[in-house]
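Since each chain sits alone in its own frame, please combine them into the complex, following the hints.
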Amino acid sequence: MSVGADEPRVVAEGVSKWFGPLVAVSDVSFDIGPGVTALLGPNGVGKSTMLRMLCGLARPSKGTVRLLGRDPRADAGVSRLVGLMPQQESVFESLTAREFVRLTAVLHGLPDADAAASGALERMGLDPSDTRRLPTYSKGMRQRVKVAQAIVHEPTVLVLDEPLTGLDPRQRADMITLFQGLGAEGRCVIVSSHVLGEVERLGSRILVMSQGRLAAAGDFRELRALMDDRPMRVRVRSDRPRQLAGALLERGLAVGARVDGDELLELDTTDARNLSRALAPVARERDARLYEVLALDADLEGVFRYLVER
Amino acid sequence: MSTIASTARPRTTASLLALTRLLLRSQVTLARLLGIAGLGALSVLLGLFSRGDENPADAAAEVIATYGLGILLPLATLWLGTSVIGDLVDDRLLVYLWLKPLSRWVLPAAAIIATFGVVAPLTALPLAATALVAGSSDVALSAFGAATLGALAYTGLFVAAGIWFRRAVWYGLAFVLLWENALAYAAEGSARFTVSEWARSILETAPGVDVEGGARSALAAFIVLPAVAVAGWLVATWRYGRADVD
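Protein chains in written order, with this note's numbering: chain S, 1 to 310; chain D, 1001 to 1246.
Here chain D stands alone, though its shape is the one from the complex (with noise of 0.2 Å):
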């Protein structure tokens, strides 16, 4: 045999959709998909007790900004968005999907999609929920929005954060209960370079609604959480074609 070549090309729809699908029936377990719609019940459950407020579409948007976008939408997309690709590098799985003939991009888009694919429904429909067990229809849409763009915007972030660190979940919790929901709340000004401060603008967007830390235009908010997924993912790019896999 004089020569060898093997002249197949990937389509990387068909790549996209594969590893989406690998990466879904990998990470996404029963205890994960239990533990995250446990969360959104609580959600569902604080709603219900906001039915008897004097205000009750202040009192669920409360509860939606409070708990509902400053602690069960990061920590949900911190379990799955950190643990999507960082479990393949714990695992030692990554260098089978390293060594293809594949755009960088592509695992990352598919780590993207995966995670937002499945925290986005069990995150804003429990919030929208919310909602409207509290008798707040109005809410609901605006919860529905800014959940569904929180969720892309955390998942850009903890999917770089699960490729670039190892135990990127640590890193994650404290950036969510320090940064999130604090730190970034000391300081005049620092709250726009938080994540739930854009995501509760787009609650606001609802008539009547005053939450706190929702001072950002809902127009900007739009642009903004998206373009925080844009650039986790192009970071997450740039990291993924870098390191040594092991």
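In isolation and in its complexed conformation, chain S is listed as follows (with noise of 0.2 Å):
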């Protein structure tokens, strides 16, 4: 099977999936083009359940999934076509890296499971001589085995639950960079993360979801801009909450204040960028001394919080 350049690989369509009354995924739809798409969310959001549903592993509760315009629940020679590298750290204990990848050789048919296996874990980074079984592997290592066995029979639809957890720096970057030339060959990558920052580095298209629902698509650059801008609001502590607040205020750097006893002062903010930089010498020129200076949704669970509900 061959499919165009420029076609969606993956469309999903008013996809929600509910285990009895927990809703995991809500009415999500998408498609997703060859190169490289982020699935970013905090951890519990269906991310992976969204995955899984991508797969063919579960089956949606409402809405379709299509991947290379087949059914991947109902057809399961659409699986010649995908990877999977799944979240969990479980493998097989009795097997060695080796042996763990050319079974997945041997299960898609390729004719030399060997070679197969052996030039995956090289691209891995990994000694496919190594007699070791499994377990005795450090967590960055099962991780790369776990894409060795994803990209074994070269997919052209490649799905990776959380591939950078547990990566030192330097194998992070290099998976980044196999990632994206992945990509560049045409195929459809999609990479689960929680971190902001790793997704950056992807430079990729995003799809960002939150309490199970789509919570924006875009290229990162677009999506980036947005949560900058978004309102936050950032506690100070001052001997002069009122005297810096006033001066804020008038200046147009926070949007609204309440002084809450001698000290503590929180500030509502749409321009986080500029009050950080205007802050200090605000406080010079009023005589004030700051204590201290925390932004109090700054955290990702408070950026998808914002794109939710924007």
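If you're looking for bench data, these hints aren't it; they were derived computationally from the structure. Zero decoy hints are in this set.
Sample of chain D residues with no beta-carbon within 10 Å of chain S, all distances over it, derived:
1. A1031
2. L1034
3. L1039
4. L1046
Simulated coverage check for chain D against chain S, where a stretch passes if three residues somewhere in it have a Cβ under 8 Å from a Cβ of chain S:
5. 1014 to 1025
6. 1089 to 1103
These numbers were taken from a predicted model, which means no experiment stands behind them. Yeah, the Cβ is synthetic: ideal placement off N, Cα and C, and Gly gets one too.
Okay, here's the thing in structure tokens:
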């Protein structure tokens, strides 16, 4: 089977998945073409469930998934074109890395499973002749073995669930380069992550998931700008909070301020970057001492909450 | 790159062998082998005690029917059969096997081959040895046949249970102890729905042997027991194809 270069490889339409009363994924629609696409969201928002449905491992409660135009749940043949690296750490404890990857090659019907397994392991910087069993490997090495088994049959669609977890910075950089290379070859590479910085380095198209829903989709730079411009709340402790609040409101650096007691000041701002630059000069100007400056919702959850609620 | 295509097609036999090897290596641990071999050794020991009986053939057949076919065989098969795929589910390893371009029947078939391949020799040989040490060589062949076909039927049932239920070993234990060995014999005719009844019918083909609960046709048993295994395999395949894989 072949697929045109610009055709969507993966299409989800109105996909929902619930487990009893728990809604894991709610009415998600998107299409993904060739290249790297990141599925970003905090832990527990339904990313893995979504990826499982994309691969056919789980049946959507509602909606449809198409992989290369076929139903991955009903058509076992489509899995010939898919490689999956699951999130779970477990691997076959009785096997070596080579045996594990070779097994995948055999089950995919590759004519020379040994050569394919060796090639995939070498591509991941692992020694195919290593006779140690998988449980003796470090977490980072096991992650790379899992990627090797996902790419051994040269899949058209590669689904990687949190592949960068457990890797050191150099391995992480190598892995990102590999994903970008696979994407540049025209493969559809879907990478899930809960770390904004990782996704930034992938420099890819992003799908943001929050609370089971698709919160945003687009180019990373657009989303980054959106995230930077979102309203933020900043807590400042100072010996002159009222004078500081007046000066910042006057200059338009804060859109709201609450003073609590003799030291505490909470500021609402839509321009966090300029506020952070101006805060110290303004304090000096008003002869105020700054004891603490803390962004109250700068964590990833806050970013996602904003994207969902905007 | 305008198009990317992967055209390799898995060979079913090669895949079946690879999966069987994997399941054997993953599931057949030394502890399990020693446990089953220990249960088998106990049967041989009981056979030794039967030597002094007035009718050693009947005594040996009784040991084989009650302990061998009623306890050893189902428990050994339960131990391996429910875990062969059940452990893959519990350990979240099934994902590596499900997402492959293979017919859904291949993995349950590999599980049955792997389980039967271990359980049959570890149960049929000790039961045949039980008859031999009791001095009833006539019973040995029928004991071997009864255990082999009984193991096949139980394997199909317990592999299916391992795919269907979490903690299938407990359901299986209740099935063996409550149904196969007790409740099925409480009502007239209900014993025909047990594996052990059909296996005992094969045991009764030995000359001069009359064991409790072996009233079925031995010829029918040669059809019924493999049919139970096939039914278990079909149910396992159906369930495997429809299950959400974690």
